[in-house]
Structures are given as structure tokens and as C-alpha cells.
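J.: Could you put together the complete structure from these sequences and hints?
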Amino acid sequence: MTADSSDTLVYDTPEGITAPPIDELLSKVSSKYALVIFAAKRARQINSYYQEQDEGVFEFIGPLVTPEAGEKPLSMALREIQAGLLEHEEGQ
Numbered sequence: 000m001t002a003d004s005s006d007t008l009v010y011d012t013p014e015g016i017t018a019p020p021i022d023e024l025l026s027k028v029s030s031k032y033a034l035v036i037f038a039a040k041r042a043r044q045i046n047s048y049y050q051e052q053d054e055g056v057f058e059f060i061g062p063l064v065t066p067e068a069g070e071k072p073l074s075m076a077l078r079e080i081q082a083g084l085l086e087h088e089e090g091q
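Using numbering that gives the first Met the number 0, the letters of the sequence shown correspond one by one to residues 0 to 91.
Heads up, some of the hints might be wrong.
Using C-beta positions, here's what the derived DEER-type ranges look like [unchecked claim]: (1) Tyr49 with Glu86: 21 to 27 Å; (2) Val64 with Asp22: 15 to 21 Å; (3) Asp22 with Glu51: 31 to 37 Å.
Calculated cross-link-like contacts (lysine-lysine; reagent style BS3-like; alpha-carbon spacing at most 30 Å) [claimed, not checked]: (4) Lys40 with Lys71; (5) Lys31 with Lys71; (6) Lys27 with Lys71; (7) Lys27 with Lys40.
Honestly, the hints are just simulated from the structure, not real lab data.
Here a beta-carbon is modelled for each residue, glycine too, at the ideal position from N, C-alpha and C.
T.: Structural data, given as C-alpha cells:
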């Protein structure tokens, strides 16, 4: 974030769901609703994987992308979808 000459804040890089771009994500699924459900299910799997890792049980597959420091499971799931690492079947 920077300030221009009129002391108005200007954001250098968009934050949040814009990375990965929503348009790229929507090209992988049929609708916004399907994207939300698909990403949420995968995020729960990633979260369960990390919980099971502490217990020594491995029922779920871990992240298919390299996690960045402090990255949340939903962000990892969205990056997996963008990279085409997951297949989405309608109704699942």
C-alpha cells in the first residue's frame, strides 16, 4: 500500500480471493456455487490431513501444491483448482 500526492491510499496488489483470479477458477467449474462447494470440501480434506498427521493416521491426501508460510487450507484448495490438479464432477 502506498500514498500518492493527495494522501490517498493506493493498493499495490489486490489481496484475497483475487489470487488466484476468480475468472480462472470459474473456467474449471460450472458455477460460482459449484466452486464454493468444491473448494470447501477440498479445504476440509486438507485440514483433516494436517489433524491426522499429528495422530499418525492418513486417510486424506495432503496439499497437492507447495504450501506457503501461513497459508490456509482454502487458499491451497483454490490454487489446486486453478492448477488443474483436481477434477470436478457435477453433483459431487
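J.: Against this structure, judge whether each hint is valid.
T.: Cross-check of the supplied hints:
no.	hint	verdict
1	Tyr49 with Glu86: 21 to 27 Å	holds (23 Å)
2	Val64 with Asp22: 15 to 21 Å	holds (19 Å)
3	Asp22 with Glu51: 31 to 37 Å	holds (34 Å)
4	Lys40 with Lys71	holds (14 Å)
5	Lys31 with Lys71	holds (20 Å)
6	Lys27 with Lys71	holds (21 Å)
7	Lys27 with Lys40	holds (15 Å)
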